[in-house]
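*Asks:* Chains as they are written, first to last, in numbering that gives the first Met the number 0: chain V, 0 to 393; chain A, 0 to 254.
None of these hints come from the bench; they were simulated from the model.
It should be emphasised that the depicted structure is a prediction, and the values quoted were computed from it without experimental measurement.
Where hints are given, some of them may not hold.
[As the list claims (entries may be wrong)] Label pairs and their in silico Cβ distance ranges:
1. D76(A) / G326(V): 44 to 54 Å
2. Q32(A) / E189(V): 57 to 67 Å
3. L151(V) / N235(A): 46 to 56 Å
4. A80(A) / G134(V): 23 to 33 Å
5. E157(V) / E70(A): 51 to 61 Å
6. E41(V) / D155(A): 40 to 50 Å
7. E189(V) / T209(A): 38 to 48 Å
8. C187(V) / E191(A): 55 to 65 Å
9. D155(A) / R319(V): 51 to 61 Å
10. G109(V) / G14(A): 23 to 33 Å
11. E191(A) / F33(V): 46 to 56 Å
12. V59(A) / Q392(V): 33 to 43 Å
13. C187(V) / N235(A): 27 to 37 Å
14. T209(A) / S328(V): 20 to 30 Å
Glycine included, C-beta positions come from ideal geometry on N, C-alpha and C.
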Amino acid sequence: MSDPQTFMSAPDERGHFGNFGGRFVPEALMPACFELEAAFIEAWNDVAFTDEYHQVLREFGGRPTPITPLTRLSEQLGIRLFAKREDLAHTGSHKINNVVGQTLLTKRMGKKRVIAETGAGQHGVATATAAARLGLECTVYMGEVDTERQALNVFRMELLGATVVPVTSGSRTLKDAVNEAMREWVTCVEDTHYCLGSVMGPHPFPWMVREMQSIIGVEAAEQLRALGIDPPDMVVACVGGGSNAAGVFAGFANSSTRLVGIEAAGGSAVGNGSPGVLHGMKSLLMQDEFGQIQEAHSISAGLDYPGIGPEHAYLAESGRGEYFAIGDSDVINALQVLSLTEGIIPALETAHAVAWILQEAGREIPLGSTVLLNLSGRGDKDVAQVREILRAQR
Amino acid sequence: MKSLETYLRALRSTGRKALVPYFVAGVTPDWTQHVEAAVHAGADAIEIGIPFSDPMMDGVVIQEAAYQALEAGTTFDTLCAELATLSTSVPLIAMTYYNIFHHYGLERSTGQLQASGISGAIVPDLPFEEASDWMKASSEHDVSNIFLVAPSTPPDRMGKLASLTEGFCYASARMAVTGRSSDHGDGGRVVEGIRKFSDIPTYIGIGISTPEQARDAASVSDGVIVGSALVQIILNGGGANDVENFVSSFRRAID
């Protein structure tokens, strides 16, 4: 990094954020990573490309998403709480920002097909959506366990013309879907782009995906400024791989705002992890004493990941970002509270961030603070699961 | 020059093509007997796969064997202890993913490899750009650091890899993970590219599953590596005799 005091600028030329990041892929994929890096830098500095990206997000993606003051909850908690409404973006989460950018880039590189991994299905649905818009072929790798848990999302992807491949190796969840997508990419790298869904993987993915998600933070900073808030005291976002958090943090990284990421307790790479190498990156990972990657366990498939994006590992290590974990039981309560108090059903992933705010108002969050919650996704995909859980509790 | 390369260069100078079978350590309780059977059948070096939970470069066969080995409680420590009891006349080469060595610590890992009689290591998810610490540690313990070259590797990068690799250069025959073979691949072209830059012994692997493929690959290189087809035999319940027959058939094909 050119200036150690500047956060969330570009990584070094080999993709390092401090001690994390880099490129740890089979030799067969190295040329594809170089090609992608060059194509991204060239496109991202071309006004015609970024104009088209913004135009598509405006006309198709539903941007800009609004900021909603969470008035009743603010009163109850004694803080000023605002939500950045990524749940209102097309396909129901922030994932659309990244896939619009990457599919435009795919076309620009002259490739005709995208592959993607997905956990709960949000990134898979978003990729299938963006691919359909551009007439790109799309194959999505999804752990067999997740295809069963999220059968409706499998059908959604198929409606959008994508082929969904159930992954039967390992724990048959998100981590194995990433392995399988990487394996597939080796065989078809000439005509296929790997549309990775989070700020993880080999360079340039963590940087590129953060850049494509930074529209969240840039918009939010401007919208809050118009409300006389410059900057907020704190920004809170949930973190699996960490793309929505990276996107919103990017708008506030060099201000006095506290950046707070909330992991699932069963997938807490910052809290329970140690440095390691997986999926093409060096980052913090949950692993056993022998260096075997452990399986994450969370109520939300989107946070069911044993690692975290390398830039988050760097933000955690440097102290610029603060990371906490929330357990499954608090998440269900938070989802109900936000639904009842503000009329917004959040995704289970997002509900982790809500739960932390409910828990910490008046503690980590001083009373009277101005807090921005990144409301990364809507809860429609989770209502059947939540119904089961609440029924079982009764 | 590290001892592995001295050995493999001397082997080549006798006119013999190298045959390198691959085993997943710990896949069955008697896996070291399989290694001995392969040596008896004419293997010139043995690749020892250290099982990892997320083998990104491996196809279904080696994945399955790795999970089976991990289920059985195999760790880097247990397999090293078992290897120490093995007395083979041929070099042993470790193959695993970087997280295992990174987690154990590079100094400790390379020391442990050396103490277990392993003189080379293939770490397929460690490109040379990230490998300087690893190369330093492995140099202190006479562990040769073997790089792969892929069909997609451009010439300038091929030159760099050919100059950095130690022991031998691993020419990947195809753009695929291990265990998928439907054609003869690009191994010959990759070897040709490497030879423009270096005279280091160069072996072809990835997708060599039959004696015929091995013969063709050996005719344009210094040796062949065979993995998934052999691991499949062991997953099917094959014993030391089956391993010996399999390796013998490859030996006859390439001699």
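*Asks:* A separate judgement is required for each hint: does it hold in the structure or not?
*Replies:* These are the hints, each one checked on the structure:
1. D76(A) / G326(V): 44 to 54 Å: Given range 44 to 54 Å: violated, Cβ gap about 33 Å.
2. Q32(A) / E189(V): 57 to 67 Å: With Cβ atoms ~43 Å apart, the hint is violated.
3. L151(V) / N235(A): 46 to 56 Å: With Cβ atoms ~39 Å apart, the hint is violated.
4. A80(A) / G134(V): 23 to 33 Å: violated (57 Å)
5. E157(V) / E70(A): 51 to 61 Å: violated (34 Å)
6. E41(V) / D155(A): 40 to 50 Å: violated (20 Å)
7. E189(V) / T209(A): 38 to 48 Å: Once the Cβ atoms are compared, 27 Å apart, the range 38 to 48 Å for T209(A) and E189(V) is violated.
8. C187(V) / E191(A): 55 to 65 Å: violated (24 Å)
9. D155(A) / R319(V): 51 to 61 Å: violated (38 Å)
10. G109(V) / G14(A): 23 to 33 Å: Because 47 Å falls outside the window, the suggested range is violated.
11. E191(A) / F33(V): 46 to 56 Å: violated (23 Å)
12. V59(A) / Q392(V): 33 to 43 Å: holds (40 Å)
13. C187(V) / N235(A): 27 to 37 Å: holds (30 Å)
14. T209(A) / S328(V): 20 to 30 Å: violated (56 Å)
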